[in-house]
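For the record, the sequence lines run as chains X and B. Numbering-wise (the working numbering), the first sequence opens with residue 2 and increments by one. Numbering-wise (the working numbering), the second sequence opens with residue 92 and increments by one.
Simulated from the structure, these hints should not be mistaken for laboratory data. Just so you know, not all the hints are guaranteed correct.
Claimed, not checked - The calculated lysine to aspartate or glutamate pairs, modelled on EDC-like cross-linking and capped at a C-alpha distance of 20 Å, are:
1) B:K289 / B:E108
2) B:K158 / X:E92
3) B:K181 / X:E73
4) B:K289 / X:E168
5) X:K36 / X:E163
6) B:K293 / X:E168
7) B:K189 / X:E73
8) X:K164 / X:E37
9) B:K290 / X:E168
10) B:K158 / B:E209
11) B:K155 / B:E209
12) B:K290 / B:E108
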Amino acid sequence: MIEVHPLVIFIASIFTSNMIFSNFLGMCSFIAVSKEIPTAIGLGIAVTAVLTFTTILNYFVYWYIVVPFNLEYLMYIIFILVIAAFVQLLEMVLERYLSSLYYALGIFLPLITVNCAILGVSLFMVSRQYNFIQTVFFAAGSGIGWALAITAMAGIRSRLSEKSIPEGLRGTPITLIITGIMALAFIGFSGMVQIQ
Amino acid sequence: MKLSEIKKIFNKGIFSENPILVQVIGICSALAVTNRMMNSLIMGIALSFVTAFSSFTVSSLKDKTPKHIRMMVQVLIISAYVIIVDIFLKAYMTDMSKALGPYVGLIITNCIIMGRAESFAISNPPIPSFLDGLAAGFGYTLVLLCIATVREILGFGTFFGFAVMPAEFTKWTLMVMPPSAFFILACIMWAANNYRTKKQLKGVEKK
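Only chain B is shown next, with the shape it has when bound in the complex (with noise of 0.2 Å):
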């Protein structure tokens, strides 16, 4: 595979095609687990790796699977992967399972796997389809990543767990709170938009 391919299939699921920001999949998960950074950060690695082995397990069996019963291999596949990450979790980090309670499990349903899978994996060779799991992973780590950082800043006053803030800093109640997440991601859409249509703009004044 030339580098110039592999710079393709992570700017297009990092940037151009990012699942949160433009295809608008898996968004569940990134509004439950923001409220901390480490728990945005873990969840994104968990994510990153489901998908990309599932992606590469899912094309390196395309051939072997039926047709109808695609879904079926497909949800299989991806729980086997999410039990792996669930239990690793239990063994090493026993605290960071219990603050991310089912969400681990939810993995399973979060549409960026079965979206890959399904637009990608199942009609390109195995190693590729691993990359662009793993881009999809980062775009969708990335989000969560920005997200995280205002809400653990402003509702905590900690970064990773580090005291940022002055200690006379108050705290907002509502970053901790559900309905932050909703606003911030929104935030972040409404900016990534405005980005998009300003270079298609470009694009088109250039022609």
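Next up, chain X with everything else stripped away, as it sits in the complex (with noise of 0.2 Å):
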């Protein structure tokens, strides 16, 4: 096991190992839903919520159930089931007890089972094999970064909508070259702090 101190990991998850721009995950709905701001501000919370929660269970569910019964091959399975599992509780205590808040977050708790992010980071957390304080603070800074990664694109796509863009570069690839000039800048904290 490598010793980082949890704070670099998460400064690190943050900014230069961030889920978009260097490991490309959660590329779908970043791209789908960061049209407005609003929108792509109670995505990034929903995320960061679910991938923590979800993170800290599969840490336990993998170091507790999969390494003593030898289910290493199993890994997949059990991880996706831990976090669809979450993600339809999380819908149902919602529902019953924060019905505002679910209105608001509602539609994109489905949308979250099939972010690759949620299940990148548990990955992650196993190949890195960070112990629970890393794991923790991993899964915080990733969602964290995720969610600024996505509100950024929905600020610049808000004000891109005026703009006269090249018919064929309309919609997608602008926002893919945009992301990808984000990437450079991100690029430039790697000589901050480095993980991996």
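Two chains, each in its own frame: build the complex with the hints.
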């Protein structure tokens, strides 16, 4: 196990190893939902919350169920089931007790199950052999980094809608180019901290 | 099944409804593994295999799956096939399995597979669903290989690991880094969009 301070992991997962800009995870919803700032913030918060909790759950499931019973080959099924079950549960709890939040976030919840960032963070947690504290900081940092990226992108895209862009570039292609430029900017942070 | 129908399915999956260029789904892995040709090829084959077989299974089980838990069932079917791919890679191509890392597992959350299952396999018989999944996988592989060609030749000076550029060629470090993947995919999409609008304009003029 590599000894990296949890805070370093936290900062690094927000900036230098950002889920979107360096690992390309969660791109589908990043492109589809980054048209307006309020919805982007809503999805960002939902992803951060779900990501943090499911990664912590998966940490316990991995170290206390998967490893002792030698079930490593079933890891993917177990992780995706935990994520799907957690999202379903969260949806039911929100609907029952916090209906205003449910209506604000409700449409995003089914989208989250198939968000690659959630499963990706759990898999990275396993492949990098993080301990519990590192896992918590890594998950929270990744979620915040994802939320930051989608919010920034929504801000840029809302300004972009009035500009004249070549017809073939409109929509997804221009979003990808902006993402590329933002990724270049985020590479500038890599002198600061580095994991992996 | 008639040959023309098979042709239609493949044409749809590879060109007119290409999962990456037209539907813009499943681009996470398309960007992550494309720095080498070999990685992209293996990833493409793996995804085609999983999409084809999971479409086949979803379609065979469609009468027996209850409506409200069908997503769960689909995810389980997909993960089962992904595990097969993962074990196969670990056993026979250890280097490749290490190079692809967690992206093999992330095939589960690749929206292409779920998309094909939901939009085609759920309402069609097994054999066409199988072909439809295979076609979508080929469309995905094609785009991956296009991106990887540019990135590997300019970034490493090689093509499938063979040196193709002259020795004094300066490697473009940018091409190995993540941003280049975004730029190249954007350019390919731009070209595809222009091609499609041109085709549509021609069609309108003919009418």
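(message) With the threshold set at 20 Å, check whether the alpha-carbon distance from B:K181 to X:E73 stays at or below it.
(response) The hint holds at about 12 Å.
(request) Please work out if X:K164 and X:E37 have their alpha carbons no farther apart than 20 Å. (result) holds, 16 Å
(request) Decide if the proposed pair is consistent with the structure: B:K158 and B:E209, CA atoms, cutoff 20 Å inclusive. (result) holds, 12 Å
(request) Take a quick look at whether X:K36 and X:E163 sit within 20 Å of each other, Cα to Cα. (result) holds, 13 Å
(message) Hinted pair, alpha-carbon criterion (20 Å max): B:K290, B:E108. Please report holds or violated.
(response) Judged against 20 Å, a Cα distance of about 15 Å means the pair holds.
(message) Just to be careful, I want the Cα atoms of B:K290 and X:E168 compared with a cutoff of 20 Å; is the pair within it?
(response) holds, 14 Å
(message) So if I understand the rule, the pair passes when the alpha-carbon distance is 20 Å or less; does B:K158 with X:E92 pass?
(response) holds, 18 Å
(message) B:K155 and B:E209 were given as a pair; does the straight-line alpha-carbon distance stay at or below 20 Å?
(response) holds, 15 Å
(request) Decide if the proposed pair is consistent with the structure: B:K189 and X:E73, CA atoms, cutoff 20 Å inclusive. (result) holds, 16 Å
(request) Could you grab the alpha-carbon distance between B:K293 and X:E168 and see if it respects the 20 Å cut-off? (result) holds, 17 Å
(message) Need the status of pair B:K289, B:E108: alpha-carbon distance at most 20 Å?
(response) Within the cut-off at roughly 16 Å; holds.
(message) Between the alpha carbons of B:K289 and X:E168, is the straight-line distance 20 Å or under?
(response) Holds: B:K289 and X:E168 sit about 11 Å apart, inside 20 Å.
The structure meets every hint from the earlier list without exception.
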